[in-house]
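Enquirer: The residues making up each chain are set out below.
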Amino acid sequence: MTTTLSEFESKQLLREAGVPVPDDRLVDTADAAVKAAEAIGLPVALKLCGRHIAHKTERNLVRLGLASADRVRSQAEELLAARGPDEGDARLLVSPMVSGRREVIAGLVRDPQFGPCVMLGIGGIFAEALADVAFAVAPLEPHDADELMDSLQYRQLLGEFRGEPAVDRTALRNVLEGLAKLGVERPDIRSIDVNPLIIDRGRPVAVDALVELEETSA
Amino acid sequence: MSDRVERFRPLFYPRGVVVTGVSQHPGKFGTVTFHNLLRFGYEGEIFPINRDGIESLGHGTYRSVEEIPHGRADLVFLCTPAKVNPDLLRACAKIGVRAAFVASAGYGEAGAEGARLQNELVALADELGIVLAGPNGQGLISTSVSMCAQIVAPYPPPGSISMVSQSGNIGSSYMNYGVLTQVGYSKGISCGNSAQLAIADYLAYYAEDPDTAVSLAYLEGVEDGRGFLDVARAHTRQKPLVVLRGGVTDSGKAAASSHTGAMASNDQIFRGVCRQAGITRAENVEDAYEAAATFATQPLPRGRRTLLFTVAGGWGVLTSDACVSAGLELIPLPDDLCKAIDKLVPARWSRGNPIDLAGGETRDTIPEVLELAAAHPDVDSIIYLGIGIQAAQGQVFKSGGFYPEYGLDRIADFHYRQDERYAKAAAEVSQRHGKPVLVASDLVYTDRQYGNPGPLAVRDTGRICYPSGHRAVRALSHLVRYAEYRDKRSSGAN
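Chains A and B are the protein sequences, given in the same order.
Take the position in the first sequence, starting the count at 1, then add 814; the result is the number in my numbering.
Take the position in the second sequence, starting the count at 1, then add 16; the result is the number in my numbering.
One chain only, chain B, in its complex shape (with noise of 0.2 Å):
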């Protein structure tokens, strides 16, 4: 194990958690995040302070750090006051704690002495050999130890995305996605004033960290470029990066006395950062989820060219647009892949890339198709459009006044079923092919309050379901530009 995999292990595999400032109220931040850490069955031990020793939640509390037996807890939870924060961390060296998560806030966002106090504070978990995240954060979640140490709610379910964000809120909707789409997470923390760990810390954390498939960051400021540069392009060899940035329209072009310097805005400079470290740039909070979502869940396409296929023929050409902007190639359909579909359909279907097969459709057919066209060696990609919409037909005769008569049963089941066999078709052929299939539906919406299966089947593949052709189209094209990143620099060409 590396020396920074075993420094960031009591963080985010602690054997027990000091919560500090528990009490009876339960809108204090110390309760809230002992209530977290209850609910969603934290593995560890739970020390919660209580400076009186009264109950909380119904369990006992400790009076003092020094209550604790030695070498239990690995990681406390600080949401006290600034100035009784060295010594709880002190008291909690002394126990075997090793990591601090400080939620605490009048810090460096607090003005002068703010800073002076987050400067000592830092002094001494170096001196006590403390990992220190924050101050001034929201918490932090570990999906392989259940923990939720966070002062707000979401928890997303296990999965291998790992997140790091500056805001605290930022982190909170990246999380939330994960709750919807219950695509999840490794690890979150949101990194308040990257006292002493930076961002960049973090990230060549989770470049080694085996449970981790993608990171996915938000960040407003970097501190030190070079090394948020260096860290960024060692991440990318290993695994996909996803960077979102705020505060961008903020030109740092103050003292630009030259043409070059004035074109030099905080944003293009970024802009060229993210090309030479091959970090995947989001545009807005969903995009950087659904980024890091389908990196998480779907294989790496081999290239550019990409197949449509579609049970809605506006969709089609909508998705198609979409393609040709964001630089996918939509290829032309191959012939025998077009004479293996002849045989599956009545004449009036596309015969081209979008596949549309125009309720020519059987049974079988769109497994078929899709099998077929995965399997074909010019197809690196697959968008498919419109599931869920035989589904929605099925939903409406199985709330309305007719059924279950007429023969409604019988094809409402018929129609939840399928929608269901598309879902699974689409991720066993991706499987077993090695290539993207991205199932798009605005049905996802639907899903909740109608119980569409056709979504809810992609849920149930572990992927999502994109609500439009164009977030697919999205998603797949950062998927294409990364592995054209990779392939460059691996094949040892100049």
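The following block holds chain A by itself, in its conformation from the complex (with noise of 0.2 Å):
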């Protein structure tokens, strides 16, 4: 049996990991959320949260670029109404707006054979179709987070691209070596999808996550 953390838990557990996530806020009520977005600066996304939530962008629980206190007042509470009836304990996650238009998507995944492998992909819209996607086995050692970037097919996106800088590879390295080390030091984390992975002005930020646990029966 599995079990899933929430965005803000995996997020939290990535951030103690080295990934650099937004500045979120949990909050409960549309006048919280309200008074979060103020604090973080608008715009903001605002998103349902919560351990059952998944399909967010499926089921349009994630509002983005809200730039006024009465956007984020209506739409936090049309994103509490739509709940579903074992959702009751999700909340709303404001995020500050991290914009790039680039997208990476990294991972983790428990191989029956390898153990822990770490992902790194190309994202976006078309993440699916080019398939650009490469792993490595941790632990990492030194320069395989590197040629785990050098071996994508696409990996001139990671370079300077359209007038944005080329991507802080350090930071992308500590992204992987801080996955891999996840897999190694908590084998109860089944698998973590990070996804997107907004390159902003060159540096990657976690914009969402979704960490699955395996539940060890006590």
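No wet-lab data here; the hints were simulated from the structure.
Careful, some of the hints might be misleading.
Reference excerpt, derived from the structure (chain B facing chain A, CB under 7 Å, subset only) [stated by the list, open to error]: (1) Val238; (2) Leu245; (3) Thr276; (4) Gly277; (5) Ala280; (6) Gln284; (7) Gly288; (8) Val289; (9) Arg291; (10) Gln292.
Beta carbons: idealized from backbone N, C-alpha and C, even for Gly.
Mind docking these for me? Both chains are given alone in their own frames, and the hints should help you get the complex.
Expert: Now the structure itself:
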């Protein structure tokens, strides 16, 4: 049996492992969402967040680019009302808008033969069609993370791109090595999806994440 | 000598071999193996076992293992039914045998009962201190002792490739290429069900074995992935490891509930393993063999800077394309090299890379250009295209009705000698300057049919004549990638 952490919990875990995540706030009411949005600075993104919430985009539970207090309030009310019968514990996640034209995906999976493996791939709307991903078995040795980046077919997307600086390779290396470390040190983690990891002025930021845990029978 | 080298010694360097199941029937595995040991001149003693003591291939046999004097045999080749093997193994241990190759089937590949027998056999071998290869394998070869202990034919010439294959017939294919090209093997084994010894165990041994320069493996599954990765990493720090993997289209992603999991095909993960461990991953049998044979016979390149030298225009163009797709760097022809060649041939030559002399060469030009190119500090590797073209015309002269009149005898002999010189020059400049010089020609396919001396002379230098520019490029790119992997890791830089 597996259980999934909420987006907020997933990102906390990733932050501790060295993965840059946005300064998110978890709140319960539309009023609190407005306060949080003003503290973060408009515009913000608003999402429904809970352990049972999956397929947020497909269910329209992500509202992006909310630029006024009124918009935040109305969208927060809508989202709270959209909770399903077993989603009563879901809360509101208020996040700064992260901008960048490039997205990558990263993750962790357990292979039956090789154990924990880190993934890096090209993200965005064409991610599945391109299927440009590469894996490395954890733990990563020196050069492994860099060679993982260089083994992507469309690796030039990690370089300077349409006026945006090249991806900060040290930051991306830290993401990959952080995921690998979690894979080695936390055998209870079954998988991690960091999707998307937006490249914001060269810096990768984990805008959404999902950690799946192996439910240990006590 | 390390414990591992000592452990494998009775398997690959036995003083004597016991063969069970030998009879008068030439189709039985025991008889075939006995024949092959004799046929290829195994240097140790052979002890054929036949229950009734009847002669086989004109040789007397032993009725039982107990009749064999103690301490004369190190290896037993078992091709008897699974049920009698435990007793044979015990008897062999008593006369000092320390290794077994089990060709018999009916083990792990044959359901639950077979798996039980296999576990029992391994437990028994462990208890007796016997190193056990197989079961369900085709056999093994070791050219240092001229040993062909196999139930199938190929016995390649001696060399420095060592091979392990999970499939008997892919192992045979690897060795058939050795027979064809004469770039040979130190050891080869069909490891069957890998009951006691896994692929990784053989590779760990080959990494330490002084007679092995490069390992060549075929595998389908890996039981202990972590162990394999560690062994492969340690191996490639010492010497190259070429792997062909079958069954990669089987995607082991049944339990994929995450995006990452859905992308994690068996092949994707293995690609990562090869990159991390510096494994040279081949796409097919010829790619795997040619990579291994190139590692075994050419120096490692210092970089990607590649020079093409062709006497055939179209081949130069296609091979240039292949270099670019393979990530080799087709350098602009260095000025000083260009000026040096200007002095040797008429002005119509290409004056670029590929170097194409456009028929302007005289007697000594090709060896001279090869020397100039290999000596140049900006050149890391050379691919030389089109050997045998002159000799092919020589052959046509020799086989026609005008020969030997009209001066055809002299020109045909000249063509033959020239191509032979070119092959020698390619190998000599390669050795002198420590750079790969790969020779490619489609005429390799005609060498047996017509006796084309160009490709044959390449073979006489102990190297492969690649059947196309693409295959030479592919082999060279394997060398380049491995050299880069080694450089990066030995420089100590993170």
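Enquirer: All hints, please: hold or fail.
Expert: So, going through the hints one by one against the coordinates:
1. Interface restraint check: Val238 of chain B against chain A, minimum CB-CB distance 5 Å, threshold 7 Å, status holds.
2. A hinted interface residue such as Leu245 of chain B counts as satisfied when its beta carbon comes closer than 7 Å to some beta carbon of chain A; here the least separation is about 6 Å, so the hint holds.
3. Checking Thr276 of chain B against chain A by beta carbon gives a least distance of about 3 Å; that is within 7 Å, so the hint holds.
4. Given hint, Gly277 of chain B at the interface with chain A, holds; its Cβ is 5 Å from that chain's nearest Cβ, closer than 7 Å.
5. Here the hint on Ala280 of chain B is kept, as its CB sits about 5 Å from the closest CB of chain A, short of 7 Å.
6. At its closest, the beta carbon of Gln284 of chain B sits 5 Å from a beta carbon of chain A; the interface hint therefore holds under the 7 Å criterion.
7. With a least beta-carbon distance of about 4 Å to chain A, the hint placing Gly288 of chain B at the interface is held under the 7 Å criterion.
8. At a threshold of 7 Å, the smallest CB-CB gap from Val289 of chain B to chain A is about 6 Å, leaving the interface hint in force.
9. For the restraint placing Arg291 of chain B at the interface with chain A, the shortest Cβ-Cβ distance is roughly 6 Å, inside the 7 Å limit, so the hint holds.
10. For Gln292 of chain B, the interface hint holds, since its Cβ comes within 7 Å of a Cβ in chain A; the closest pair sits about 5 Å apart.
Checked against the numbered hints given earlier, the structure satisfies every one of them.
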